[in-house]
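Novice: These are the residues of each chain, in order.
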Amino acid sequence: MKRAMSWLAPFAARPIALVGLALLVVVLLAAFFAPWMAPFDPQEMDPIIRLSPPDAVHWFGTDQFGRDTLSRVIYSSRMALLVGVGVVVFAMLTGVPIGVFSALFPRVGHVLMRMVDVLMAFPSLLLALGLIVILGPSVANSIIAVGAGFLTTTTRIVYGLTLRLKSETYVEAARSMGSRTGWLITRHILPNLVSPLLVQASFVFAFAQLAAASLDFLGLGAPPTIPSWGNMLAESRQFITRASWLLFFPGMMIVLTAFALNLVGDSLRDRLDPRFRDMLGGEA
Amino acid sequence: MWSYVLTRVAAMLVTLFFASIIIFGFIHAIPGDPIYVLLGDMATPEQAEKLRESLGLNQPIIVQYLQWAGRAVTGDLGRSIFYQAPVLSAIADGAETSILLASITMTWVLLIGVPIGMIAAMRHGTWLDQGLSGAAMLLASVPTFWVGLYLILIFAAWLGWLPSSGYPSIFEEGGLANLRYLLLPSLTLAAPNAALILRLTRASMLDVSREDYVRTARAKGIRPWRVVTRHIFRNALLAVVSAFGFTFAALLSEAVVTETVFALPGIGRLVVQSILNRDYPVIQGITLVVVVIYLVINLLVDISYRLLDPRVELQ
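In the order they appear, the protein sequences are chains A and B.
Just so you know, the first sequence maps onto residues 36 to 319 in our numbering.
Just so you know, the second sequence maps onto residues 1446 to 1760 in our numbering.
Just chain A, with the same shape it has in the complex:
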């Protein structure tokens, strides 16, 4: 219990951050318990009630096929979670090894970091679109395409942090005592990267939501058969004047999710060791 309380401590100081945390819990619950929470089957069509505004039965109204918007919004949180976690995992699995390695072995590291610089010369959405053209549109590929943009920022941050850690006295002491590199990495570097990377992860998660929604909106993300907030918005486009609820609810979910993650990331960053804080942009 005490452990749980200390974990909540960064949020207790800022009540609004607790709101962010609560919003995330709601999205998580919706994703895991969608079949129990959704009042209708998200794919079930009913032409008679197509484009009907919110009422007591269909709280969020229905779409052009008479599908229940609330149920589709709830099921879409699964895609949001999948894409968010996927992009974070992709960025971490690539960024952490490349960044740590480059900092510890400067010879190869310089070359690797130059390559990261080259990738950074491509605006993120253009990079994602290029990858989608090569790989083809699918859920997995939009995770890779969006993740590629965050690979560079994550690598940069890990590289900078590791360089700093490398010059810390205790790391130098461990080195002079003859610790092997593997030991240095697992005992001294990685544990110190955990909290800054947690901050980075929440920002990456937030911006991945926006990037994935853009891909869906352009018709180059998740297939239209899969309900996602971005796909729902793309479909709503033709009907916005007649059925503005189709525009409101999925968009609001994206905004609230990204906002919640940004709030959480911000609060975690404020609790971070000041030496690391300036390395995390947050908005990147």
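In case anyone wonders, no lab produced these hints; they're calculated from the structure.
It is possible that part of the hints are untrue.
[As the list claims (entries may be wrong)] Derived coverage of chain A by chain B (criterion: at least 3 residues anywhere in the stretch with Cβ under 8 Å from a Cβ of chain B; other residues may be distant):
| no. | region |
| --- | --- |
| 1 | 156-166 |
| 2 | 235-249 |
[Stated by the list, open to error] Chain A is faced by these chain B residues, among others (derived, beta-carbon under 8 Å):
| no. | residue |
| --- | --- |
| 3 | A1474 |
| 4 | G1477 |
| 5 | Q1509 |
| 6 | M1582 |
| 7 | L1583 |
| 8 | S1586 |
| 9 | P1588 |
| 10 | L1594 |
| 11 | L1598 |
| 12 | F1600 |
| 13 | A1694 |
| 14 | V1701 |
| 15 | V1702 |
| 16 | V1716 |
| 17 | I1728 |
| 18 | V1735 |
Idealized CB from N, CA, C, for every residue including glycine.
Following the hints, put chain B in place on chain A, whose structure we already have.
Specialist: Using the frame of chain A, we list chain B on its own:
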């Protein structure tokens, strides 16, 4: 100073060289024969053979790259499959819209982001500051196309004040009044970027106000407003200038979506249409042009940063 500029230009050219290899490799990375990627699936074998010959695709890959890069330097970015025209002219057709959209957006971003960021910093810790910072974070969490669709719904569909889509050139009938077509798109594009600049201005003002020279200025009895404008703001602006390149990249990305929402005949929508049309030479050409512009802007930012702050010693 000149040696610094030369070093930076050299570094930029190296980055551009590697980026161009990636862009060149793009056509080859697409599954299928690059000839049919370039010509489209409808090409006859004779056409394919002719192009293979003229592009030298039967030659070693390094020779191919050098020929492609050589043509690109002279402005020949290949031919569009869909438009049956040089890629460069397709890009030039969209340039007016995109350049105007970017300029108007940047004006909004600076006019909104910088002053409000200053106010938030000067009222640091008050409810006003918390409200403004919170609003900025909320705005940065909104998908651009969603803002765009809402602006269309409110100002075009409900109120009927502004056009919802398209953009006739200012050189055509209507003249400068045609700029009203860009009002909603530029506000859409400005929203998240103004929020970022606001947060950046605020953070940077707060950082600078903790500096010793600010305390000295205050202790000397300089009027508070003058301390803010002359001592804090001028130095805080450096961070905003250095973020210009980053903002520009974000703007380019979001322009792709915004131009699609508002059906603007710009380069961003050209990218999306070229992907849907499988018009790969156009995607390749636009990517090259965008990367060059982005690198040049970053170079100018670095140089101006150095000019603005003589203390900065970069390698």
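Novice: Taking the hints in turn, state whether each one holds.
Specialist: Outcome of the hint check:
Counting residues of the region 156-166 of chain A whose beta-carbon sits less than 8 Å from any beta-carbon of chain B gives 8, enough to reach three: the coverage restraint holds. Beta-carbon proximity to chain B at under 8 Å applies to 4 residues in the region 235-249 of chain A; the threshold of 3 is reached and the given coverage holds. The beta carbon of B:A1474 is positioned within 8 Å of a beta carbon in chain A (closest approach about 5 Å), and the interface hint is therefore held. Evaluation of the B:G1477 hint against chain A yields a violated restraint, the C-beta minimum of about 11 Å exceeding 8 Å.
Given hint, B:Q1509 at the interface with chain A, is violated; its Cβ is 18 Å from that chain's nearest Cβ, farther than 8 Å. Look at B:M1582: its Cβ gets to within about 5 Å of chain A, closer than 8 Å, so that hint holds up. Of the supplied interface hints, the one on B:L1583 holds, with its beta-carbon coming within about 5 Å of a beta-carbon of chain A, less than 8 Å. About 4 Å separates the beta-carbon of B:S1586 from the nearest beta-carbon of chain A, less than 8 Å, and the hint is met.
Hint status for B:P1588: holds, given a least beta-carbon distance of 5 Å to chain A, under 8 Å. For B:L1594, the shortest C-beta to C-beta distance to chain A is roughly 6 Å, which falls under 8 Å, so the interface hint holds. Taking 8 Å as the C-beta contact cut-off toward chain A, the hint placing B:L1598 at the interface holds, the least distance being around 5 Å. For B:F1600, the interface hint is violated, since its Cβ never comes within 8 Å of a Cβ in chain A; the closest pair sits about 13 Å apart.
With 8 Å as the threshold, the beta carbon of B:A1694 comes within range of chain A, its nearest partner Cβ sitting at about 5 Å, so the hint holds. Hint on B:V1701 holds. Least Cβ distance to chain A is approximately 6 Å, under the 8 Å limit. Interface restraint check for B:V1702: the shortest CB-CB distance to chain A comes to about 5 Å, inside 8 Å, so the restraint holds. The beta carbon of B:V1716 comes within 7 Å of a beta carbon in chain A, closer than 8 Å, and the hint placing it at the interface holds.
About 7 Å separates the beta-carbon of B:I1728 from the nearest beta-carbon of chain A, less than 8 Å, and the hint is met. With a least beta-carbon distance of about 6 Å to chain A, the hint placing B:V1735 at the interface is held under the 8 Å criterion.
Comparing the model with each earlier hint shows violations of hints 4, 5, 12; every other hint is respected.
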